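S.K.: Given these sequences and hints, build the entire structure.
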Amino acid sequence: MSRGAEFSRRIASDERDGVRERREHHQADENQREHLLAVHGIEFDGTDKTVTFTE
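Its first residue numbered 1, the sequence shown is counted upward by one per residue in the UniProt record's numbering.
It is worth saying that the hints were derived from the structure and are not from the lab.
Remember, it's a predicted structure, so these values are computed and weren't measured experimentally.
The C-beta atom is built at its ideal place from N, Cα and C for all residues, glycine as well.
Hints are not guaranteed to be accurate.
The following label-pair restraints were derived from C-beta to C-beta distances [to be verified]:
no., residue 1, residue 2, range
1, G41, A12, 41 to 49 Å
2, R3, V39, 47 to 55 Å
3, G41, S2, 55 to 63 Å
M.R.: Following this line, the structure appears as structure tokens:
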């Protein structure tokens with residue numbers, strides 16, 4: 001494999017890793033929101049520091 005092809009392969013791999021990392025982070029945020037709502041009755045939209053308490 002040429003140096004250019006190897007470099008391109010590594011960039012593509014890094015991009016996939018970045019997408020995977022963002023997806024995992026997003027899933028963790030979703031899980032945390034579900035936990036807050038289910039256990040504590042707190043609704044959190046993730047955009048700021050405010051929370052809404054539900055009954």
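S.K.: All the hints need checking, so say for each whether the structure fits it.
M.R.: We went through each hint and held it up to the structure:
Between G41 and A12 the Cβ separation comes to about 44 Å, which falls inside the hinted range of 41 to 49 Å. At about 53 Å, the CB distance of R3 to V39 agrees with the hint of 47 to 55 Å. The supplied range of 55 to 63 Å is met by G41 and S2, whose beta-carbon atoms lie about 59 Å from each other.
The structure meets every hint from the earlier list without exception.
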